[in-house]
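All chains, please: the whole structure from these sequences, using the hints.
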Amino acid sequence: MSDTPGAAARRTPPSGRAQLARRPGQGRWRPRSAAVLAAVALTAALAACSSSSSGSHSTLTFADVAPFSGPDAALGPIYLVSCDGTTNAINKAGGILGHQVKCTTADTRGEPADAVPAVGNLIQNTGNLALVIGCTSDEAASVVPVINKNKTVMFCMTGQSEFDHVKYPYFYRLVPPDLAESYAMTVIAQKLGYKKIALAFGNDIGSQTFVQPAIAAIAKAGLTMVANETLDLHATTFRTEAAKIVAAHPDAIMTEALGNADPTLLAEIKQLNGGKMIPVIGTSAAISPVFYSACAKAVGASDFAANFHADNLVTATSGPAYEAFTHALLAVKGHVSGAQTGDFATYFTAPGAVHLYDGMNLAALAMVAAGSPDTAKWKPWIAKIGDGTPGAVVVNSFAAGVAALKAGKKIRYVGPGGPTSFDAFHDSPGIFQIDTYSTTGKVMVSGSITTAEIRAVSP
Amino acid sequence: MSLLLSSVGFGLITSAVLAIAAVGFTLQFAVTDVLNLAFAGVMTAGAFTAYLVNQAGYSVWVGLVAAMAAGSVLSALLNYLVYAPFQRRGAAPITLVIVSLGMALIIEFGIAAVAGGVGVSYRMGQGRTVRLGGLVLTTVQLTIMAISLVVMVGVHALLRYSRLGKAMRATAANRMLARTCGIRTGRVIAVTWAVTGALCGLAGTVFAIDVGSFDPTSTDIFLILILAAVFLGGPGNAYAAMLGALVIGLATEISAAYIQADYKYVVAFVILLAMLAVRPTGLLGTRT
Chain A
82 MSDTPGAAAR RTPPSGRAQL ARRPGQGRWR PRSAAVLAAV ALTAALAACS SSSSGSHSTL
142 TFADVAPFSG PDAALGPIYL VSCDGTTNAI NKAGGILGHQ VKCTTADTRG EPADAVPAVG
202 NLIQNTGNLA LVIGCTSDEA ASVVPVINKN KTVMFCMTGQ SEFDHVKYPY FYRLVPPDLA
262 ESYAMTVIAQ KLGYKKIALA FGNDIGSQTF VQPAIAAIAK AGLTMVANET LDLHATTFRT
322 EAAKIVAAHP DAIMTEALGN ADPTLLAEIK QLNGGKMIPV IGTSAAISPV FYSACAKAVG
382 ASDFAANFHA DNLVTATSGP AYEAFTHALL AVKGHVSGAQ TGDFATYFTA PGAVHLYDGM
442 NLAALAMVAA GSPDTAKWKP WIAKIGDGTP GAVVVNSFAA GVAALKAGKK IRYVGPGGPT
502 SFDAFHDSPG IFQIDTYSTT GKVMVSGSIT TAEIRAVSP
Chain B
5 MSLLLSSVGF GLITSAVLAI AAVGFTLQFA VTDVLNLAFA GVMTAGAFTA YLVNQAGYSV
65 WVGLVAAMAA GSVLSALLNY LVYAPFQRRG AAPITLVIVS LGMALIIEFG IAAVAGGVGV
125 SYRMGQGRTV RLGGLVLTTV QLTIMAISLV VMVGVHALLR YSRLGKAMRA TAANRMLART
185 CGIRTGRVIA VTWAVTGALC GLAGTVFAID VGSFDPTSTD IFLILILAAV FLGGPGNAYA
245 AMLGALVIGL ATEISAAYIQ ADYKYVVAFV ILLAMLAVRP TGLLGTRT
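Which chain is which? The protein sequence lines are A and B, in order.
Throughout the first sequence, residue numbering follows the working numbering, covering 82 to 540 in sequence.
Throughout the second sequence, residue numbering follows the working numbering, covering 5 to 292 in sequence.
Honestly, I wouldn't trust all of these hints.
Beyond 10 Å from chain A on every Cβ pair, some chain B residues (computed) [stated by the list, open to error]: (1) Leu56; (2) Trp65; (3) Ala80; (4) Leu81; (5) Leu146; (6) Thr147; (7) Thr184; (8) Arg188; (9) Gly190; (10) Arg191; (11) Val195; (12) Val282.
Computed beta-carbon distance windows for the label pairs [claimed, not checked]: (13) B/Ile110 x A/Ala533: 53 to 63 Å; (14) B/Val282 x A/Gly415: 54 to 64 Å; (15) B/Gly138 x A/Gly201: 45 to 55 Å; (16) B/Gly94 x A/Gly415: 49 to 59 Å; (17) B/Thr99 x A/Ala194: 22 to 32 Å; (18) A/Thr520 x B/Ala60: 19 to 29 Å.
By construction, these hints were calculated from the structure, which means they are not laboratory data.
All C-beta atoms, glycine included, are put in the ideal place defined by N, C-alpha and C.
Below, the structure written as structure tokens:
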């Protein structure tokens with residue numbers, strides 16, 4: 082029992098050696114050639130596959146371009162819930178100018194290298210591609226130019242700051258730039274009285290975009306950054322990273338590391354911290370049933386609920402827009418692949434679900450207002466219907482909008498994400514609130530963040 | 005110093021999990037002549053089998069036994085239905101590598117299609133925390149290390165003292181000669197698939213226990229570590245795989261303490277490349 086493998090191997094005589102190495106020249110495999118083959122095969126293995134679906138020419142197609150696999154796999158299904166719910170509601174209201182609408186998906190795996198062929202495939206093989214939704218920060222920089230070149234309108238969830246000043250005519254977004262989220266997280270730390278902050282962000286593009294703004298905002302707010310760990314989202318454990326964070330004694334950890342990374346990291350931090358969880362401030366991407374479920378299982382629901390806050394965009398929690406939205410999503414509950422985990426009500430506050438629902442309704446109403454599903458004709462109507470024009474009546478759903486348009490009225494669509502105000506780059510950033518979870522995974526609003534507070538920590 | 009000791013402890017846990025997988029992989033490779041890249045896929049299948057058992061209300065340790073059985077059956081089927089027919093038709097080794105890569109993707113995406121692409125966790129506690137000097141480990145982690153140790157001793161006993169182990173070694177060394185000596189190599193290979201498949205299922209489950217949250221793609225990077233451990237030690241040699249696993253496990257965790265942590269796997273591969281440059285057959289490999 083005390084034998085070490087190496088010692089046993091050294092002691093074993095060649096004639097009876099307890100090893101399986103081939104004799105020179107006898108086997109078909111040689112270690113060197115095997116190593117080369119393994120390397121070649123692994124290289125191929127790392128080039129993952131992607132998927133997309135084709136559509137029919139009689140039906141308009143909305144495409145969810147987002148990660149459905151890989152570390153950020155939780156994002157795609159959130160958007161798909163919204164897409165299926167919205168298109169279902171549109172179809173029930175008679176469709177768009179008589180056209181039925183359906184959703185399709187393109188799995189970007191959260192990697193630009195996979196995203197570009199997936200989108201290329203989508204564009205080539207999808208009949209009547211009317212709208213693209215999704216395009217997270219993981220892949221937006223690579224796919225937005227492709228979609229824009231195809232003259233397809235897109236409502237994106239990316240927060241990358243380059244889209245604040247680079248003009249893509251077909252690009253729209255209803256979420257703020259990521260740096261604003263970093264500032265919002267810093268404001269949360271201030272409000273909760275945390276002085277020493279550790280950063281733990283994933284090494285994906287979407288997460289790394291938060292880091293530099295967070296460092297700057299922490300300094301501006303007079304807080305201290307005591308650790309800054311970059312997490313390899315493909316890594317299996319983060320024990321040493323967790324040990325470094327615990328050793329730095331932070332009051333709170335700002336993080337976005339989706340997939341298994343955050344749940345694993347938080348569990349390991351809790352273990353190394355004597356069973357006590359360190360408070361966590363997450364991004365709005367953490368407001369998803371999948372994220373809650375994974376973290377609650379990893380560290381315990383009560384511990385997680387007691388120690389977790391996240392910034393999130395202000396969305397309606399009551400009123401006709403909220404009622405129409407929740408009704409639309411509940412109609413597809415249990416029918417959306419990959420969205421069967423956790424409390425379904427979390428989708429009602431998930432930024433992707435809310436704002437893409439609004440984006441799709443805006444696009445659909447623009448088509449109806451323009452009287453054509455031809456992009457060139459309806460695109461100008463997005464801002465008109467979103468921002469409103471003098472004399473416009475407010476509508477809160479697609480069905481109400483169609484009814485008002487049929488009655489010859491001008492409309493302004495205000496959905497659960499609130500009124501829009503598009504700038505020259507088609508950005509319409511919202512305002513923030515502070516969200517927490519209950520022990521059952523229900524999202525609760527615990528505070529608000531004013532524009533002045535954000536401005537105070539902006540470098 | 006405290007961080008160094010902690011990282012050594014973490015490295016030992018990683019090594020323990022890696023060793024089970026690496027030994028299974030290298031035994032399989034040596035005896036069957038298939039560089040089976042679907043190994044990680046079978047690990048995942050094992051982990052999810054244990055998850056199903058765990059979700060049904062049983063202990064994860066019961067699930068671990070079920071995972072071993074599932075890994076064994078799946079590996080045997082892979083050989084019977086896929087690899088063996090290709091080998092009978094004289095497929096080149098690189099062809100089998102590509103076939104195994106295809107099988108890896110089929111298994112992985114098959115599991116994702118059924119279970120979804122999101123992370124899951126076993127219903128289990130991590131046990132109490134034990135502090136040994138600067139090492140901070142849980143009782144579950146200590147159990148994983150104990151399991152690994154038992155597996156290593158078991159593999160040693162199998163290869164050294166059992167008829168099956170001797171037949172496996174003979175088949176690995178020279179299949180034709182072994183057959184001439186009366187060893188039923190076909191049966192030995194089939195049994196090897198089953199035995200290494202059980203190790204694979206075991207490795208998948210202890211991996212999932214160790215990482216806490218896992219999904220159908222979680223073992224992707226782990227396969228690379230397995231290959232690194234196997235080729236660092238010397239392919240086809242069970243003891244070399246153990247040594248390789250120890251070096252890779254310690255190197256990744258200790259390096260993470262002193263460099264930007266997301267480069268820790270790069271360090272492992274720098275060590276592997278340096279080693280192969282100096283000694284292409286690996287640490288314990290035979291020079292050709």
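Structure-based check of each hint:
no., hint, result
1, Leu56, "holds (16 Å)"
2, Trp65, "holds (18 Å)"
3, Ala80, "holds (19 Å)"
4, Leu81, "holds (21 Å)"
5, Leu146, "holds (13 Å)"
6, Thr147, "holds (14 Å)"
7, Thr184, "holds (13 Å)"
8, Arg188, "holds (18 Å)"
9, Gly190, "holds (17 Å)"
10, Arg191, "holds (17 Å)"
11, Val195, "holds (14 Å)"
12, Val282, "holds (13 Å)"
13, B/Ile110 x A/Ala533: 53 to 63 Å, "holds (55 Å)"
14, B/Val282 x A/Gly415: 54 to 64 Å, "holds (58 Å)"
15, B/Gly138 x A/Gly201: 45 to 55 Å, "holds (52 Å)"
16, B/Gly94 x A/Gly415: 49 to 59 Å, "holds (50 Å)"
17, B/Thr99 x A/Ala194: 22 to 32 Å, "holds (26 Å)"
18, A/Thr520 x B/Ala60: 19 to 29 Å, "holds (24 Å)"
Going down the numbered hints, you'll see the structure goes against none, and every one checks out.
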